[in-house]
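Given chain Y's structure and the hints, the job is docking chains P, E, U, X and V with the ligands onto it.
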Amino acid sequence: MSAHAAILPILIPFAAALLQLAGGGLSFQRRIGLAAALLGIIAAAWLVQLADGGAMLVYALGGWTAPFGIVLAVDRLAAAMSLLTALLAGAALLYATAGFDNRGRHFHPLFQLQIMGIQGAFLTGDLFNLFVFFEVMLLASYALLAHGGGLARTRAGLAYVVLNLAGSALFLIALGLLYGTLGTLNLADVALRLQTLEHNIALARLAGALLIAVFTLKAALLPLSFWLPHAYAAAGAPVAALFVIMTKVGIVAILRVQAVAFAPAAAMADLLAGWLVPLALATVLFAALGALAATRLRYFAAWLVLASAGTLLVAPAHAQADITAAALYYLFQSTFIGAAFFLLAELIAERRGNVADAIKPGPAFHAPWLALGFFLAAISAAGLPPFSGFLGKLMLLSVLREAVAGPAIWAVLLTAGFLIMAALARAGSRLFWRRKPDMLPPVTPAIAWQRSAAVLLLVAAGPLLALFARPVADYASRAAAQLHAPGAYINGVLGTDKHSITRETRP
Amino acid sequence: MEAVVAIAIGMLTACGVFLLLRARTFPVVLGLTLLSYGVNLFLFASGRLRLDAPPLIQAGAAYTDPLPQALVLTAIVIGFGMTAYLLMLALRALAESGDDHVDGRMKP
Amino acid sequence: MMRRILPRPALSAAIFLLWAALANAASPGMLLLGALLALALPFVTRPFWPDAPRLARPGTALRLAARVAVDIVVANWAVARRVAGPLARLEPAFVEVPLDLRDPFVATILASIVSLTPGTVSIDVDQERWVLSLHALDAPDPGALIREIKQRYEVPLKEIFAC
Amino acid sequence: MLTLAIEIGFALIGLAMALNLWRLVRGPDATDRVLALDTLTINAIALLVLFGIRAASSAYFEAALILAAMGFVGTMALCKYLLRGDLIE
Amino acid sequence: MSETSLLPLIVASAFIGCLIPALLARFGRGMGALGAAGVMAGCLALLAPLIPAVLAGEALVTAYAWLPGYGLDLAFRLDGLGLLFCLLILGIGLLVVLYAYYYLPGGHVRLPHPNPLPHPQGVSPPGLAAKPLNPARQAGEGANESLREISNHGDRLGRFYTLLLLFMAAMLGVVLSENLLLLVVFWEVTSISSFLLIAYKREQRESRIAARMALAVTGGGGLALLAGVLLLGHIAGSYELSVVLAEGERIREHSLYAPMLILILLGAFTKSAQFPFHFWLPNAMAAPTPVSAYLHSATMVKAGVFLLARLHPALAGSGLWFWLVSGVGAVTLVYAAYTAFHRYDLKGLLAYSTISHLGLITLLFGLDTPLSVVAGVFHIINHAIFKASLFMAAGIVDHECGTRDMRRVNGLFKFMPITATLAIVAAASMAGVPLLNGFLSKEMFFTETVGHPVFEEMRWLLPLFATLAGMLAVAYSSRFIHDVFFNGDPIDLPRQPHEPPRWMRAPVEVLVVLCLLVGIFPQWSVAPLLGAAAGAALQAPLPAFELAVWHGFNLPFVMSLVALAGGITLYALRKPLFALHDRLPSVHAHIAFERFYEGLTSLAHSIVNWLDNSSLQRYLALFIVFVLSLGGWAWLSGPPAVAAAAYQPADAAAFAALATLIVGALGATLLHRQRLTAIVFASVVGLVVALAFVRFSAPDLALTQLAVEVVTIVLLLLALHYLPQTTPAEDSGPRLARDAALAVGAGAGLGAASFAMMTSPFETISGFYLAQSLPGGGGANAVNVILVDFRGFDTLGEITVLAMVGLAAHALLDRLALTAPGRDSDGRPWARERHPLFLSMLMRPLLPLALAVSVFILLRGHNLPGGGFVAGLVTGVALVLQYLASGIDFAQPRLPRHKAKLLALGLLLAGGTGAASWLFGRPFLTSAHGHAALPLIGEIELASAMVFDLGVYVVVVTVVLMVLAQLGRLSRHGFPEKCGEAA
Amino acid sequence: MSIVTEFTVSALILLGAVFALLGSVGLARLPDFFTRLHGPTKATTLGVGAMVLASALYFSATQPGFSLHEITVMVFLFITAPVTAHLLAKAALHRRGAKRREELK
Ligand code: NA
Ligand code: NA
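Sequence lines, in order, name chains Y, P, E, U, X and V.
Note that the working numbering has the first sequence beginning at 1, numbered continuously upward.
Note that the working numbering has the second sequence beginning at 1, numbered continuously upward.
Note that the working numbering has the third sequence beginning at 1, numbered continuously upward.
Note that the working numbering has the fourth sequence beginning at 1, numbered continuously upward.
Note that the working numbering has the fifth sequence beginning at 1, numbered continuously upward.
Note that the working numbering has the sixth sequence beginning at 1, numbered continuously upward.
For the record, the hints were derived by calculation from the structure and aren't laboratory data.
All figures in this text were calculated on a predicted structure; none of them were measured in a lab.
Keep in mind that a hint or two might mislead.
As the list claims (entries may be wrong) - Coverage of chain X stretches by chain Y, computed from C-beta distances (three or more under 8 angstroms per stretch; other residues unrestricted):
hint, region
1, 265-272
2, 745-759
3, 780-792
4, 854-865
5, 875-881
6, 917-929
No residue lacks a Cβ here, since even glycine has one placed at the ideal position from N, Cα and C.
Looking at chain Y on its own, in the form it has when it is part of the complex (with noise of 0.2 angstroms):
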């Protein structure tokens, strides 16, 4: 069976949603929904436990082996996204399962299609494949954002939708330059073949280009952005939470790709160089800006996912192992705590009546383990100690202070973790403290079990990957060096007669 344990984060909730979809009340795919997410959750542990083992784990689809067909390629990495996402996922949906999963039609099967995408997108070892599982993704994440209905919903959607199109044709493009250059869609056959390059060299970066321009629009860099805080805060609390796997997705795929083909190709090597770091950096900065002037709790949260997203994108320019290690580490925690902050955001917003989560006065409510939850996750989310926040933090200062841009880095990464955490104080101090005695808090039903579970599901997140940064940071490392080690994951995915692979000069 370990044989087939790659593919099974895929097939698992894409068996769920089938099952969904058969039939059954909302009840039967709410047990499906929750069971595929534990199941789902076990087989992402055992891929990381398998994966930890250091060899590949190459999943050749219809017995097809790369580059001819389509390799599911699981490293360290892949598997700790794997496992990610499927965290996020269970969550996301135990909190849906308390009422949110009512308000419009077929959340169960579009959610567990959405992290059959969002799986698919982190565990394939093929570009064209990764274009399909994007498309996936995307597609449930267009019907999830407009679960629930409502304009803002529907006008975020717009945006979200034609942005992310236009990023779809570009993504083609890119594609049809790779195969038209290389002539191979396989990440490793492309690494191969850009390594040995002569002619053709101009088209190839510009493909690389390409390819790169649309992993930065789902990563949301500064000025593809402004998609971004709309579509998060517009979506319903869980779909937020599980969103907030998606930037990670381009910034993942943009690590991967930098790492394996981009880095060790002279020609490609300077294809990230000069313009990531600023960008990357201005985006936390307009992040931390957003996050300063947000007037809603839930744009605050879309705005942490952007500037943890801006901060992650500063690591793929230096192509560094121990870089990486630090950005993984706080890829893991931001996750978790940005996906915190949306549901956090709608348990808060439902207890202060018409105020809901406007940053401003409301009614006095009494829920001091919200305000526990909210605390925490504002401490994590801010980069103060002790939780993992300041961990994450520490970590990518400590690597990045030799590098080029060192102190811009760090200057800028310290003024937005101040902002932030002023802005949060504010916040916080608004919402909890600030009250106006003339309003009543609605009547609002204890929080249901499921919300509670979720939140302190994710909320815990912060203490724990701070108590256990150890292993998780180690493993960061495993990771990241096997992913700045291309010629295992080249090797990996081909197999060592790579030179043999029969090509053809076409014309």
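Chains P, E, U, X and V with the ligands in isolation, oriented as in the chain Y frame:
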């Protein structure tokens, strides 16, 4: 022939991009349609142009590159799905805001 | 019994012929498959054609088909000449043909034939008055046209479908 | 002989399609444009058939068949739109 | 268990102990206090066994790995300095717990309540019921609220102790850290917990602002400290103090020394409220007095000077250190003393005096002589003791009088003689009166100012300055004594003051006794601790010094006398001085901070809104600009392409097709405002593209393109029915020009790239597919075999996308109501006939025929152009025609109802064949194919991939139907007006 | 392929092309929509029909077995051409009639 196809691709892209930048949902959809024609042609062209050599295996025949064709097929179908979705979303925006502006703004 | 297996024999035949043509009558296997489809598809699609008329005179139908085929070529020649010739001499007209038949499907077939053949295009079948409206490219004598259509096509059609 | 006939055929069909295009641009009414589009489609079928004969390949046939079918449906949809606005009611 | 492992245990039990008061508080106020005290006592007990070794000069170090890869370890260190602080933290902490038990409201409630009227004792306030509210809700809510209020109070005291303990734990962590990064961790936790403590009275705006201000300053300083520590660790090669403290030489010579020092000092100065970062501290007095006594005198603000002492061996010894530290300390010392003198608020006076004393300590560390360090450490002790007692005394005054305004509070000696005596003694210590502890360290300071090596030229300057500072200290101390306890009678006090409860005064008594003990018997009481602490701070043998009350009649003693006399004179002249001061403009830090914050926020707001105007058009334009720039740079910076391949000659047909395509594309673009016309033109483009696919040997693509296009047109028309028929002319000229430029750029770019690509040779793997199509995939149509076999996984994903479009149709359009226009764009009413007879009649026989065609296309796809997609679309289109011809009422009931199930079936057929290969131990989607010989029929080729294709077929048909059904239903919800010309 | 076949095929091709062209000439040249409708409806349909027939003949002659599938295209065109014309005419009539009625109001 390459130049002809390149001009066609450029033309479709330019028209698609121009329409994509309009302020109403309908031209945007139309622009995406044109753009995806251009993109599909481009993706197809990555296997180079070949006349009268369809990839249908017969003895002793010459074939064009089948892989980009398969990719374009996938791209066409996905593009169709996306267009359908966008149109439905545009209708929903129309129903909710009373206007067909891409920013979903309410009809004044 | 026969009716139950072959609710629409003509349709089944058409399907089989279509299949055979598509497959270039290639292999026995394909023809068998065509036969299966000829049996199955009318069943599957029966709800979509609940009130199909019965083909009473297949022979007459074939004869009519042959006549129409010839008429098409002749009509086209006429149209082609007029199109290429001087336009001033054309006398286009809207014409109404009162119908004797009362079946909508058969009326449709008549309208189709009329569109394909003598320099006319059907525009409307009025099911209240049972009148077929036409546009003629060049109709110096509308009365003759009406007579010709009724004689040449409507009468055989009424026979064929026994209506 | 056949080659020549095919070449002449191409030229005539090409001319026909140019005329269709002219009508398409010219209009004046939507019905004229739809009719021009429909005719263009049918002429394209002829073009495909000619290509098939020239290449001695039957691989063009399916395209011709589908083109005929799809051209028809497209025209129907446009007509229905012009008549009722609502295609499906 | 070894002794050193007690260190982490102390910190851990402090952190875990935080929870105890919160848990115990529900059993009563006393239990909470008891719990807190218990935790502190427990920590002290754990500390006790270590004291002898530390006093003997040992440094106990222990370490556990936390994040070793990044130098962050749970490494603890207990040396003299740490011990001193531990004792201060725990000792004063215990006193504060006791004090707070009496100070914080219990029997009488002073806490404002969310409701406008405070209503003690769980009685529903009458004012609430008078409000015009929903009465039903009111009844339940009112009672509920008051219950909640009671429990709130219990909770709040529990919470108070919890936060206090949290703060204490963090403080212990700071002073016990061996690892500098760990120190930063605890450092920031003190900022966070003090934020919560300052905001304890969260209903008051001043409290909230003060808390945020404190967090901004100290937390921000913490970020600087983090940066500095990271640099320091980099320079020293380790974050362990044992290493860092021994590397002073190398550190000072490193090129990063200056930035590192500045960053670390930023951390220290902000925490210790040094000028110009001092402003948060007076505002933090919004906190309850126990908090002020603990945080703002004894502990947290001392963290900054602790850090100066801690890192002294590593950082000090440079000119930069001297000038920065002593300069900032000196300015703070005098400025704050001056300000303290002019305060009316009792706590304000104490706050500024605290700042001043912190300045003094900073100055001492800055002077950077061994003895000045000793003096600095000594003053830390002394200040903690007398200032804590003074804060508590001030709290008692506040508690008893209901105000701390010194203009109203007068002559309290009559009302509370014991408390007054205690406060007077403590204040005298603050003033530096002999026989009290404050005198000793101040005299050491004076001694150090005399003959400091740096000021060789102007040896009088430093002593003069010190004397001036001493005078100011005496002046405000005098004011504290005279203005509160004497100076006539109290004016209009809210309460009648008297002595506080016995045990509330006890902490003050203890501290004042300590003042005296240290002041009179320094050698006996404090010398061992001071020696150990100073030794740890210096990391060098202690200088010779003598702790004695009397050092003879020397210059420092003269300076003390001058300061005393001058200070009292100053106080005597207070009235003109105050009048002068009142004329100076005053700055209220919390207002300024809030203004600054609001300004920053609105600046952020305008920047964000300026960049992001919520316009999709801008997003897209930026995206295109970004792509063009990045792509252009990447391409042009590479070596120029070498076009090597022979071109395919273009024939007349190609040019004609190009011309047609351009007409179609330009027509659609230029006429896009007439939407229907644009659709017609766009269809021309689709037609040409399909023809091009045929021409370039891609029949499958042509089929798919044609089928997709017609469905797309149907969808566009369906949508256009509801959308406006024309696009308004709303784009400005510059906008159009910009978009045209972007369009031309994109078109030219992609066109050029495609030309370069097509004309250059490349090596491809695609020969494999052609070679393996028949033997490996069992099909002659290589494209189809790729789709269903070699790359079947893509196809699975693709039909998943399609399936979701179907689901989204339900999800998006369900219950959506759209009003269809009753007339077309030219204002005509629609035709009356809903379903043209001709069409509906003809479509009936056509359906089975079309189905036969689609089955044919499906079956042959594996070998010839066709396959599941095209077949599915043909079937879909045939069914679309049924909708078109006969309407939804006719078609819908005749089609399968459970479309979601059909989708599942299709996906299952495709995915299930994939999973079936598992049964044979093969990977997902492994296909099988073979020849079956059937009687009569002969040999036919079967491939499992055909089942996969069938799944594709089912999904495509279903999705087309789902989308159409939903779009077709829209008008149902619209107005009934739409019924043709009759209307 | 025999000369006779080749001639027949060539003739059918030319005939078809001429008819198709004439249909399109009509579409371009005739003065109003209803007269324009006739050309494509008949001439073009027949022209394409002739070409399809040529193809059937050609492939039947040059390749093993009959080539009948082209016939399906022809039959389809002949079935659909009247429907197209009918509905277009209906649409045109409606657009004029409705406009005229509007003007009268
Ligand atoms: Na006629
Ligand atoms: Na016709």
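Cross-check of the supplied hints:
no.	hint	result
1	265-272	violated (count 0)
2	745-759	holds (count 5)
3	780-792	holds (count 4)
4	854-865	violated (count 0)
5	875-881	violated (count 0)
6	917-929	holds (count 8)
The structure shown violates the earlier hints numbered 1, 4 and 5.
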